[in-house]
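What follows is each chain in one-letter form.
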Amino acid sequence: MDASEFKDVFAAEAHEYIQALNQDLLRLESNPNDRAALNDMFRAAHSLKGMSGTMGYQELADFTHQIESLLDLLRIGELTATESVVNTMFSAIDSLQNLLEKTLLEEELPDLEEVTAELRHLIQQRNNLESNLHQQDSKEQSTMEAQIDIELEDFDLEVVRAAKKEGYLPYKVVVRLLPKTLMKSVRAYTVFQALENIGTIIKSNPPAQELEDEKFDQEFALVLLTKRDADTVKNTVERISEIEHVAVLSIQTESAESERRSVLPRTGEQVVNETAATAQDLPVKQKQSSSVTSFSRGAFVDRYIRVETERLDGLINLIGELVISKTQVMEIEADQLTDNTKNALVQLERITTELQYAAMKLRMVPIKQVFDRFPRLVRDFAQASGKEINLEIVGEDTELDRSLVNQIGDPLVHLVRNSIDHGIETTEKRKALGKPAQATLRLSAFHEGGHVIVQVYDDGQGLELDRIKQTAIEKGLLPANFANDLTMEQAVELIFRPGFSTNEAVTDVSGRGVGMDAVKNIVEGLSGQVEVESETGQGTCVTIKLPLTLAIIKALLVTCGGQVYALPIQSVRENLLAVESQIKTISQQKVIVLRDEILPLIDLNEALGFGQLDYGDTLSVIVVESQGEKAGFVVDDIIGQQEIVIKSLSDILGDIRGISGATVLGNGEVALILDHNSLIKGRSESIGQDSINYR
Amino acid sequence: MAKTVLITDDTAFMRMTLRNVIQKNGFHVIGEAADGEEAVSKYKELQPDLVTMDITMPKMDGITAIKEIIKYDANAKIIVCSAMGQKPMVIEALNAGARDFLVKPFDAQRVIEALHKASS
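Residue numbers (the working numbering), protein chains in the order written: chain F, 1 to 695; chain E, 1001 to 1120.
Hints were generated in silico from the structure; no laboratory data involved. Mixed in with the good hints there might be a few duds.
What the hints assert, rightly or not - Cross-link-like lysine-lysine pairs, in silico, DSS-like; alpha carbons within 30 Å at most:
#	chain 1	residue 1	chain 2	residue 2
1	F	Lys184	E	Lys1087
2	E	Lys1003	F	Lys180
3	E	Lys1024	F	Lys184
4	F	Lys584	F	Lys647
5	E	Lys1003	F	Lys215
6	F	Lys215	E	Lys1104
7	F	Lys681	F	Lys469
8	E	Lys1042	F	Lys234
9	F	Lys590	F	Lys647
10	F	Lys184	E	Lys1071
11	F	Lys180	E	Lys1104
12	E	Lys1087	F	Lys180
13	E	Lys1044	F	Lys234
14	E	Lys1087	F	Lys234
15	F	Lys7	E	Lys1104
16	F	Lys180	E	Lys1071
17	F	Lys554	F	Lys647
18	F	Lys368	E	Lys1071
Unchecked claim - Partial selection, computed: residues in chain E whose CB lies under 8 Å from chain F:
#	residue
19	Leu1094
20	Val1103
21	Ala1114
Even glycine gets a Cβ: it sits at the ideal position worked out from N, Cα and C.
Turn these sequences into a full structure, and let the hints guide you.
This is how it looks when you write it as structure tokens:
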């Protein structure tokens, strides 16, 4: 059967599993005895192996199998998660990721011999050990058939006792599915459904949520209260397909209490209607207690659906159109309308706005998706650079538009690399300075106003002013005779310049040709801003400020040369009418003096190539700010504020300087959205050099 | 007497595959339907012992068809056929009254097991 139609789902899930493996391995590294982490990893590897096999990706399945085998040894305690084991696992997971990408792209598969050999070596080690200990360890032989047990808490025992008074009998039901069962969770659901018909299920192991997420191997156990006898219970389950084995055991509450509350005390247990040979081992295995939650059937119905992002984008686009036609309706002169119509319109406006926010929320995803890769990354960087770093992650539940999430990852990686490479000192140096040996690196995210703020903070040495100055001189960014010490502000300004990188040697961690200017470009491309605050010896904090969403923005509409343009409102500081006397010319550049500030004036008409405006007595000037630089845009007229839906032009026309997109206005007219960043930048650079004429 | 089966699937290929498996194992394929509407009307017409029901189909989807058939005959024995990734739909179908489910790609033995279990 051709599985190619499932490839997308496979890819998404496989990536999730690899991510989970990485996360859990970090947990394991910090606590080598973390059984829960090991079990999670084992399950992830197991599922991935199964999925890969179904897809026919044999290499992927085989390699995952190696990882799974090693995890199994760790899980059952035959191997200890020493540093070298963990490191091997890390490189194995990297190889796995690589193999997955290549498999998905149908490219040539990487050579995994080295890492496979390492895995085999570790597995072998245990085998040697085992053959030595073979005699005394014979009772562990049947470990592979680990049986699931289930424990009752005080609360459950209360329930059981109460139910017994009502004539209900408590049973433990252990169900094993056939090895190749597909949709195990749904199969488990049919078991629950069938049993709920004859009784009440009060517990399950694994818990319902994990059953639902298919986080179980082939077995699960549950506690059933019913008035029927054990045979009926057993028959009920056996009538369901894909069940390899069912065991129904009555629960003895009294002895259970005396025996550490195990549902399956070794004595006093009554094996009912048992057919399979494994029945005798039932209660012995699975020593670690697993958390079990009470179960209601509602928990099984999926609370999430997966939707193609294309469909969501389609919805957002339609809502955008709706917002536009709402605006169109609202523009009808108020005196032409009856009160009823006006009320209805107010209602329409309110609902449209709410709909718009609701739709935008659909696109929002937690920034966790990006942050999740950092623990691993920081660990690797820290190890490579020999620095001790404690990574703190704050606000990973903060939500932002998924298109932003996709694009913010790379800049963040770069900032984190910078912090580790340039900011954080070596352990010796920190000790000498009296700082804690372990440096703190903090990634945080939170909402502020209509923005999402993402910060990368480190308690390192701050920007190195001398080195920045020296590099700037070498790179020709400062004159060779620049004598003064740099101020922090100047240093910050310099590191954002294209082509600046303080690192002489290209290290493994940083300095891969991406500088702060690249970070800045990406963030500004997302209508965001980057700020750097740094204090020598104290640390550095880089703040990225992003809009919540890119799809719909508030804009100020202006006219210029008979055309309507939109300016993103977040960049507009104020509007004013300037009289001729306020306008001065400095170095052939027209400027306006505003409250002791000199702002360059940009004639929009001219900047867009339509020839110069005819300046009358007064000028409409819009003060716009871009990365701390202000400028006055001269326009013909100001229309007002409006919400606009951004439509990209770059697919059709490529990038045009000064224009970032287009929108359709309420009256159906098309307005271009101005890219204030590039308009101001082009201008202020020329002012800085004092040489280019204001034509 | 052999139990009768109504096969519902919108692709002729899948109907053919299923018919092949089912006929070879002692069941009698009494009819085929290519969408939910047809399945409902054929169920009423042919009164089959068992129905296999695809989920995603034109005109009327499998889940609606299951509901319609159960409304007509509460004891109808329907086995829902799904693709991977249709978990929520399978659960909906089971809640609507389907007796069992099969996941594509089909395993012949599984198909027969499901038919036997549903008809017993």
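Structure-based check of each hint:
{"no.": "1", "hint": "Lys184/F / Lys1087/E", "result": "10 Å, holds"}
{"no.": "2", "hint": "Lys1003/E / Lys180/F", "result": "27 Å, holds"}
{"no.": "3", "hint": "Lys1024/E / Lys184/F", "result": "28 Å, holds"}
{"no.": "4", "hint": "Lys584/F / Lys647/F", "result": "38 Å, violated"}
{"no.": "5", "hint": "Lys1003/E / Lys215/F", "result": "37 Å, violated"}
{"no.": "6", "hint": "Lys215/F / Lys1104/E", "result": "21 Å, holds"}
{"no.": "7", "hint": "Lys681/F / Lys469/F", "result": "23 Å, holds"}
{"no.": "8", "hint": "Lys1042/E / Lys234/F", "result": "36 Å, violated"}
{"no.": "9", "hint": "Lys590/F / Lys647/F", "result": "33 Å, violated"}
{"no.": "10", "hint": "Lys184/F / Lys1071/E", "result": "29 Å, holds"}
{"no.": "11", "hint": "Lys180/F / Lys1104/E", "result": "13 Å, holds"}
{"no.": "12", "hint": "Lys1087/E / Lys180/F", "result": "17 Å, holds"}
{"no.": "13", "hint": "Lys1044/E / Lys234/F", "result": "34 Å, violated"}
{"no.": "14", "hint": "Lys1087/E / Lys234/F", "result": "26 Å, holds"}
{"no.": "15", "hint": "Lys7/F / Lys1104/E", "result": "14 Å, holds"}
{"no.": "16", "hint": "Lys180/F / Lys1071/E", "result": "34 Å, violated"}
{"no.": "17", "hint": "Lys554/F / Lys647/F", "result": "14 Å, holds"}
{"no.": "18", "hint": "Lys368/F / Lys1071/E", "result": "46 Å, violated"}
{"no.": "19", "hint": "Leu1094", "result": "6 Å, holds"}
{"no.": "20", "hint": "Val1103", "result": "4 Å, holds"}
{"no.": "21", "hint": "Ala1114", "result": "5 Å, holds"}
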